[in-house]
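Those protein sequence lines, which keep their order, are chains B and D.
The first sequence runs contiguously to residue 1159 in the working numbering.
The second sequence runs contiguously to residue 1335 in the working numbering.
It is worth saying that the hints were derived from the structure and are not from the lab.
Each hint should be verified, as a subset may be incorrect.
To be verified - With beta-carbon atoms standing in for the labels, derived distance ranges:
(1) SER1142/B - SER1324/D: 25 to 33 Å
(2) LEU717/B - ILE1134/D: 29 to 37 Å
(3) SER1156/D - ILE1042/B: 26 to 34 Å
Unchecked claim - Negatives, chain B to chain D, calculated, CB over 12 Å:
(4) LEU482
(5) ALA637
(6) ALA1075
(7) ALA1134
(8) ASN1151
Note that the Cβ used here is the ideal one computed from N, Cα and C, for glycine as well.
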Amino acid sequence: MVKKYLITTLRHLQKKRLFTTLNIFGLAIGISVCWVIYRIVSYEYSYDQNLANKEKIHRVISGYIFDEKEDYNGGASKPLYQGIREQMGGLEHVVPVFERSFRNVEIKNPSGGISHFEEQRNIAAIDSAYFKMLHYDWLAGTEASFFENPSSVVLTENRAKQYFPGKNPDEILERTIIYYGYGDTISRTVAGVVANLPQPTEFISQEFVPLIHTTYELYVWTNTNGSDRLYLQLDESSEPALIAKQVDDIIQQKTKEWRDQSENSFEFKRWMELLPLSESHFSTHVREGDIRKASKPVLYGLMGIALFLLLLACVNYINMSIAGIPQRAKEIGVRKTLGGNKAQLIGQFLLETLVTTFLAGISSIVLIKLLFWLLHDIIPEGISPFTNILEFSLFIVALSVLIALLAGLYPAWLITRVNAINVFRNTSLRTKNSKGFNLQKTLIVFQFVIALVFITSALIIGKQLHYSITSDMGFNKEAVVLVQVPYKYVFDDNYDGKQFSLLQELETLPGIQSISMGVAPLSEGYSSSQYEYSEEGQPPIKRQVFKKWVDTTYIHLYGLKMLAGRNLHESDTPKEYVINETAVKAFGFDSPQDALGKYIGQTGEKFPIVGVVNDFHMQDFYSSIDPMAFQMEKENLHNFNIKLDANTAQWQHTLAQIEEKWYQFYPAESFSYSFYDESIEQLYQQEMQLATLVNLSTIISIFISCLGLFGLAVLTAFQRTKEIGIRKVMGASVEGIVRLLSKEYVLLVTLALVIASPIAWFFMDKWLEKFAYRIQIEWWMFLIAGLAALAIALLTVSSQAIKAAIANPVKSLRSE
Amino acid sequence: MLLQLNNIFKWVNSGGQRIFLLKDINLEVEEGEFISIMGPSGSGKSTLLNVIGMLDSFDEGEYNFLDESVHTLKEKHRANLYKEYIGFVFQSYHLLDELTVQENLEMPLIYKKFKSSERKAMVADMLDRFNIVGKKDLFPAQLSGGQQQLVGVARALISKPKLILADEPTGNLNSKQGEEIMELFKQLNDEGVTIIQVTHSEKNAEYGSRIINLLDGRMI
Ligand SMILES: Nc1ncnc2c1ncn2[C@@H]1O[C@H](COP(=O)(O)OP(=O)(O)O)[C@@H](O)[C@H]1O
Ligand SMILES: [Mg+2]
Chain B
344 MVKKYLITTL RHLQKKRLFT TLNIFGLAIG ISVCWVIYRI VSYEYSYDQN
394 LANKEKIHRV ISGYIFDEKE DYNGGASKPL YQGIREQMGG LEHVVPVFER
444 SFRNVEIKNP SGGISHFEEQ RNIAAIDSAY FKMLHYDWLA GTEASFFENP
494 SSVVLTENRA KQYFPGKNPD EILERTIIYY GYGDTISRTV AGVVANLPQP
544 TEFISQEFVP LIHTTYELYV WTNTNGSDRL YLQLDESSEP ALIAKQVDDI
594 IQQKTKEWRD QSENSFEFKR WMELLPLSES HFSTHVREGD IRKASKPVLY
644 GLMGIALFLL LLACVNYINM SIAGIPQRAK EIGVRKTLGG NKAQLIGQFL
694 LETLVTTFLA GISSIVLIKL LFWLLHDIIP EGISPFTNIL EFSLFIVALS
744 VLIALLAGLY PAWLITRVNA INVFRNTSLR TKNSKGFNLQ KTLIVFQFVI
794 ALVFITSALI IGKQLHYSIT SDMGFNKEAV VLVQVPYKYV FDDNYDGKQF
844 SLLQELETLP GIQSISMGVA PLSEGYSSSQ YEYSEEGQPP IKRQVFKKWV
894 DTTYIHLYGL KMLAGRNLHE SDTPKEYVIN ETAVKAFGFD SPQDALGKYI
944 GQTGEKFPIV GVVNDFHMQD FYSSIDPMAF QMEKENLHNF NIKLDANTAQ
994 WQHTLAQIEE KWYQFYPAES FSYSFYDESI EQLYQQEMQL ATLVNLSTII
1044 SIFISCLGLF GLAVLTAFQR TKEIGIRKVM GASVEGIVRL LSKEYVLLVT
1094 LALVIASPIA WFFMDKWLEK FAYRIQIEWW MFLIAGLAAL AIALLTVSSQ
1144 AIKAAIANPV KSLRSE
Chain D
1116 MLLQLNNIFK WVNSGGQRIF LLKDINLEVE EGEFISIMGP SGSGKSTLLN
1166 VIGMLDSFDE GEYNFLDESV HTLKEKHRAN LYKEYIGFVF QSYHLLDELT
1216 VQENLEMPLI YKKFKSSERK AMVADMLDRF NIVGKKDLFP AQLSGGQQQL
1266 VGVARALISK PKLILADEPT GNLNSKQGEE IMELFKQLND EGVTIIQVTH
1316 SEKNAEYGSR IINLLDGRMI
């Protein structure tokens, strides 16, 4: 019986090849998007999911109020773990993980020769608590022997493979590794190799060294470094909030002790919080460099996109099915008169839907690969399209059933309502409600609302990105190339002062207009400190000021305007400031002129303001321009800002020459340069990813909607053949008929635009709110989106309309 | 003379074979004639009517309508010609289901670019003349077959054609309704409208002034 049903179904689907194809294609797109997003979301939620005690593990993080802004740091003061161990109960494990990096790692090969590894990261100092909280498999060596020797090291499998390629864990034991830090050198013996933790995980340390329990001075309690992480595994009965309070109390107590004995008046508020391990991967509010994080809103957004695109596909299916009912009315009528009951009719149609969806699921395999390729920038590394066939099959089956119910039930029900007598009497089915607003039209409007929200968003995001990237930054970035002395050489005595010798060499090169040493206007790293200005008889004004170390050519090279005073003078030691307009306002000076000669700075280290420059952007457009001060101190100058001649044809040649000079002073592999256009684009990588995503969603939603529209146009044209024939015989022109058939869609798209515009406006305004410098949303953006949608809709339906309009009426009227 | 067909042939190619639908049709129609075309099913009556109505093309021969040679005219010109001079009545009425009686009558006038006020007057005229004023806001499905055909004839007449082509206008009606339509045709003919109808009924054919018999696409 089932087999017979299946055969009838397949035969039916084959007969309606066009619609079956359109349906399968639409659903396949929906399913593919769902799968890709499901992969991403489930990956992000799988961090550390197979840790047995994951619910009990929490991180200690530090919160600050800094310059009236709340900020979080992923680290905790180094001595805090000792305080907790001494003073607190209710904890299973207190686990410090103090990571650091080394600028160079050396390994002597037994056969002679030395292997070098530059800039090695994720080397963690831990004690035995770490291995109690996290279970590691020891492939060689033992935990006991590791902790016995303070200068031993344990490697993960990964790191062992990097350091000792092709060696078994056992062969690595007792080998020596030399670590060169920034000013220190340590030699260690390998005491063990452990298996990698199951991925993905936030415990990314690759080398472990025994933590030496030292006694810290009081001031260390006030230092926080993001690389000093602290985990707590709570007792069964412990209340996280209570534990957090106790941890915080310890810090507040120590801070108070330190305040009481030091004179430093630097004011800031700091507190400790517990972050459950399950939230750690999503803690985008906590600044951390090394660890990939996922933003929950973004994931929700993705799920929303998946849901909407799937809905669109279902809507298509529903629409085409409904539109197809009149054509199958005869078949249904016959079945009914021959005794088919409702359940059978519904069952048959649902089966048809199920088979269609299932075929769509199978076709989605190709689309999924395509999507993965298109989105490779956005999809986190470590996710592959398919790992587990069973999981995929289950997903497809579950989704198929869901879609079959979602998209199949209503048309199925409609089918049972077809009145056999009417069918045979040949009364048209579309008499009554075709003029009113029926479900089909509602669904089309729904589809276009979604498509239009996407189109408008894509437009606005693109515009803001363009604005952010191309706006005047306040400094002249044309033809300026940035070359940085790598951080590791800055602290290396061997390279002390070499940058100035290089500078002299470079200045002799043709093709270069001028060179300035100093922190680039737009720089990733920055340092800010609290400066104060005290007028006599007034309480001091304290402001967070960003300091940039620059030389005397800087202002000229970047075309900054002196609003008052003069440029900095050449100097080996800090002597004076040039500040920006915002700083003038921040300290309450009446005018740039008024600021001149005033002393600002940190307590006990104040210098006069000698000049004021115009405001320029130092960060992305999310951040407003902050108070800034230029100062000259020779030993802090490590960055080359090179202004090339305007003749771009010569640039490659000039850069090659710079590189050549560079090698005379620094190792070959350390040269890299960037132009501003690139570094500005770097700032907006997330936004560009968002743009990619929205653009793709736009294309997909338009595409699916058009599939549906096309199917509907075909069916409508078919249903209206007779009407069109009559109208033509009565004298209607081809244009008239095309207009008649298209008018309806124009109205529907217009209505969709009216609904979509406020929705898009709301979301985009929210998104733009985060920018300190942003574009305004304007009415013409919606108009363009509407016109685009309209054009696409008309293109889609017009072929069908034209086909219907030029058909010979004799043919369409004969069949009766 | 209203129209003249000279040696008209029409065929279709099917499976390498040429199937003739019309063979050597010669016909002259004067203004004011009332012609009935008869013949067995499949003999080409509808095809001939469609050729006369310029809805369908032919493959050989000449067709002159009011001194215009139809076979040399461009599609658009031909459409203008039949729009102006010809009205069609169908066996299955072919009213638009989603338009009311009044709107159905108005439709051809819209295509002939009459002004709104003119259209109103002409529709009102027709409703009056056919005694269907009371039905003007009903949909076709709410009318009997005879009433629907009445509307069909009214629609064909509304733009005052010289020629009415009716393909089995009474085929779906009972004899009383059929008679009414025939009476109506007679009356129109008396007023000067040329009528060519296809019919199976001898009695209906009697209303006409001339009978053309078709067999296998050939006049006999
Ligand atoms: N376009 C066409 N292609 C093939 N056969 C056609 C075509 N038009 C009409 N016929 C055939 O020509 C014959 C005459 O048709 P028709 O004029 O409708 O006959 P009648 O109206 O006299 O019953 C029929 O056999 C019909 O099937
Ligand atoms: Mg016929």
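Against the structure, the hints come out as follows:
1. SER1142/B - SER1324/D: 25 to 33 Å: Violated, since SER1142/B and SER1324/D (Cβ atoms, about 48 Å apart) do not stay within the stated range.
2. LEU717/B - ILE1134/D: 29 to 37 Å: violated (55 Å)
3. SER1156/D - ILE1042/B: 26 to 34 Å: violated (55 Å)
4. LEU482: LEU482/B is indeed farther than 12 Å from all Cβ atoms of chain D, at 79 Å.
5. ALA637: Its Cβ never comes within 12 Å of chain D, the nearest being 54 Å, so this holds.
6. ALA1075: violated (5 Å)
7. ALA1134: Label holds. Min Cβ-Cβ 27 Å, cutoff 12 Å.
8. ASN1151: Non-interface label on ASN1151/B violated, nearest chain D Cβ at 7 Å vs cutoff 12 Å.
When each numbered hint is compared with the structure, violations occur for hints 1, 2, 3, 6, 8.
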